[in-house]
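Enquirer: Residue numbers for the sequence shown follow numbering that gives the first Met the number 0, beginning at 0 and rising by one.
A hint or two may mislead.
[To be verified] In silico BS3-like links for lysine-lysine, alpha-carbon gap of 30 Å or less:
#1 K60 - K111
#2 K138 - K259
#3 K140 - K201
#4 K315 - K271
[To be verified] Derived Cβ-Cβ restraints for the label pairs, each shown as a range:
#5 T41 - D279: 17 to 27 Å
#6 D200 - G280: 40 to 50 Å
#7 K80 - K104: 30 to 40 Å
#8 N112 - V64: 19 to 29 Å
#9 A129 - G203: 37 to 47 Å
#10 S267 - E186: 11 to 21 Å
#11 D200 - M274: 26 to 36 Å
#12 G280 - G203: 39 to 49 Å
#13 D33 - S267: 33 to 43 Å
#14 Y202 - Y317: 39 to 49 Å
#15 K59 - D200: 32 to 42 Å
#16 V64 - V281: 38 to 48 Å
These are calculated hints, taken from the structure and not from any lab test. It should be emphasised that the depicted structure is a prediction, and the values quoted were computed from it without experimental measurement. Cβ coordinates follow ideal geometry from the N, Cα and C atoms, glycine included.
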Amino acid sequence: MKEISSLLGYREGVRVVDATLRDGGLVNSFRFSDEFVKALYTANIEAGVDYMEVGYKASKKMFDVQEFGKWKFTNDEDILKVIGENSEKKIKLAAMADVGRCDYKEDIHDRKNSPLDVIRVACYVHQIAAAIEMIEDAKKKGYEVTCNIMAISTAQEGDIRVALDMLGKSPVDTIYIVDSFGSIYPEQLARIVNLYKEYADKYGKTLGLHAHNNQQLAFANTIEAVGDGVDWLDATYNGMGRGAGNCSMENLIGFLHNPKYNLFPVLSFVEKYIMQLKKDGVVWGYDLQYLVTGLLNQHPRTAIDFTKQNRTDYSKFYNEMTAQE
Numbered sequence: 000m001k002e003i004s005s006l007l008g009y010r011e012g013v014r015v016v017d018a019t020l021r022d023g024g025l026v027n028s029f030r031f032s033d034e035f036v037k038a039l040y041t042a043n044i045e046a047g048v049d050y051m052e053v054g055y056k057a058s059k060k061m062f063d064v065q066e067f068g069k070w071k072f073t074n075d076e077d078i079l080k081v082i083g084e085n086s087e088k089k090i091k092l093a094a095m096a097d098v099g100r101c102d103y104k105e106d107i108h109d110r111k112n113s114p115l116d117v118i119r120v121a122c123y124v125h126q127i128a129a130a131i132e133m134i135e136d137a138k139k140k141g142y143e144v145t146c147n148i149m150a151i152s153t154a155q156e157g158d159i160r161v162a163l164d165m166l167g168k169s170p171v172d173t174i175y176i177v178d179s180f181g182s183i184y185p186e187q188l189a190r191i192v193n194l195y196k197e198y199a200d201k202y203g204k205t206l207g208l209h210a211h212n213n214q215q216l217a218f219a220n221t222i223e224a225v226g227d228g229v230d231w232l233d234a235t236y237n238g239m240g241r242g243a244g245n246c247s248m249e250n251l252i253g254f255l256h257n258p259k260y261n262l263f264p265v266l267s268f269v270e271k272y273i274m275q276l277k278k279d280g281v282v283w284g285y286d287l288q289y290l291v292t293g294l295l296n297q298h299p300r301t302a303i304d305f306t307k308q309n310r311t312d313y314s315k316f317y318n319e320m321t322a323q324e
């Protein structure tokens with residue numbers, strides 16, 4: 000068992016990352032009002048959140064700008080218009096760039112000319128070489144850089160080790176464990192953290208966790224991770240995110256014992272803005288179809304389609320999914 004101090008005390012190195020605009024944007028095509036974004040920025044500062052992910056750096060050649068809100072592309076000009084200069088740097092701003100889905104050489108400007116502080120490179124384990132090129136580009140431009148290895152529950156340990164060794168030799172600052180399918184249990188996560196820490200400690204890297212809530216374990220896994228020494232913790236307001244959503248910011252802030260974090264602004268934002276999104280028909284969060292894909296360690300795309308069709312025949316869906324096994 001963990002020492003109780005691991006859960007009742009706090010580490011100065013822990014960083015809370017708000018991913019509401021980026022992961023949450025996946026359920027409303029990134030169509031957030033400017034008021035929503037500015038209010039979220041203010042709530043994060045008041046709550047003591049360390050980093051705010053403001054969206055993707057998606058390629059405008061691959062994605063139609065008419066089909067998405069601006070936070071799918073996260074132009075520097077839009078950040079400055081909505082959020083402002085962020086000159087006091089009470090919170091750092093981040094954007095995610097997917098391997099193969101962004102024009103990073105053109106769209107990610109030098110940090111000195113951008114309101115962004117962090118570039119989060121997202122890839123699958125077989126894309127590590129391409130991810131490292133992006134990491135090197137971002138570091139040369141002056142950014143803090145994370146690498147978020149997605150769908151780790153489907154990767155072979157040998158491949159993960161090779162990827163971690165390659166990342167360890169790169170200039171990346173933080174390496175993320177990403178439970179993309181919400182299929183990992185806390186006991187499994189503890190072993191995964193030990194594997195990642197082997198390379199993080201060897202190369203002097205920090206670790207992060209991005210959890211999904213398919214089996215209602217996103218918060219439990221985040222607690223497990225922080226108790227095992229993971230420092231960067233992703234969360235979203237009311238768990239807003241693709242499919243079953245993520246670790247809820249209100250859960251995480253309520254749990255962390257560092258007095259720098261304040262729950263009240265989080266609850267106020269959820270009450271005023273997140274509840275309105277739900278009233279407007281934006282759908283996310285745990286449901287039985289996401290449980291099924293999580294149990295089967297499958298991408299939730301089938302469950303998302305099930306949701307869009309307003310289906311409630313869960314047992315039939317289960318039979319459909321297990322028939323694919």
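Enquirer: Between the beta carbons of S267 and E186, is the distance compatible with 11 to 21 Å?
Expert: Because 36 Å falls outside the window, the suggested range is violated.
Enquirer: So the hint says 30 to 40 Å: do the beta-carbon atoms of K80 and K104 match that?
Expert: Given range 30 to 40 Å: violated, Cβ gap about 24 Å.
Enquirer: Is the straight-line distance between the alpha-carbon of K138 and that of K259 30 Å or less?
Expert: holds (29 Å)
Enquirer: Is the gap between the beta carbons of N112 and V64 within 19 to 29 Å?
Expert: holds (22 Å)
Enquirer: Is K60 close enough to K111, meaning Cα to Cα at most 30 Å?
Expert: Measuring from Cα to Cα gives roughly 26 Å; hence the hint holds.
Enquirer: Does the Cβ-Cβ separation between D200 and M274 fall within 26 to 36 Å?
Expert: Once the Cβ atoms are compared, 43 Å apart, the range 26 to 36 Å for M274 and D200 is violated.
Enquirer: Given the hinted pair K315 and K271, is their alpha-carbon gap at most 30 Å?
Expert: violated (37 Å)
Enquirer: Can the suggested window of 38 to 48 Å be confirmed for the beta-carbon pair V64 and V281?
Expert: violated (21 Å)
Enquirer: The hint says 39 to 49 Å between G280 and G203; measuring C-beta to C-beta, is that right?
Expert: holds (47 Å)
Enquirer: Quick one: are T41 and D279 within 17 to 27 Å, going by C-beta?
Expert: Holds, at about 21 Å.
Enquirer: May I ask you to test the hint 37 to 47 Å on the CB atoms belonging to A129 and G203?
Expert: The hint (37 to 47 Å, Cβ to Cβ) is violated, given that A129 and G203 are roughly 23 Å apart.
Enquirer: Note whether the CB distance of K59 and D200 lies within 32 to 42 Å or breaks it.
Expert: holds (40 Å)
Consistency with the previously given hints fails for numbers 4, 7, 9, 10, 11, 13 and 16, ordered from lowest to highest.
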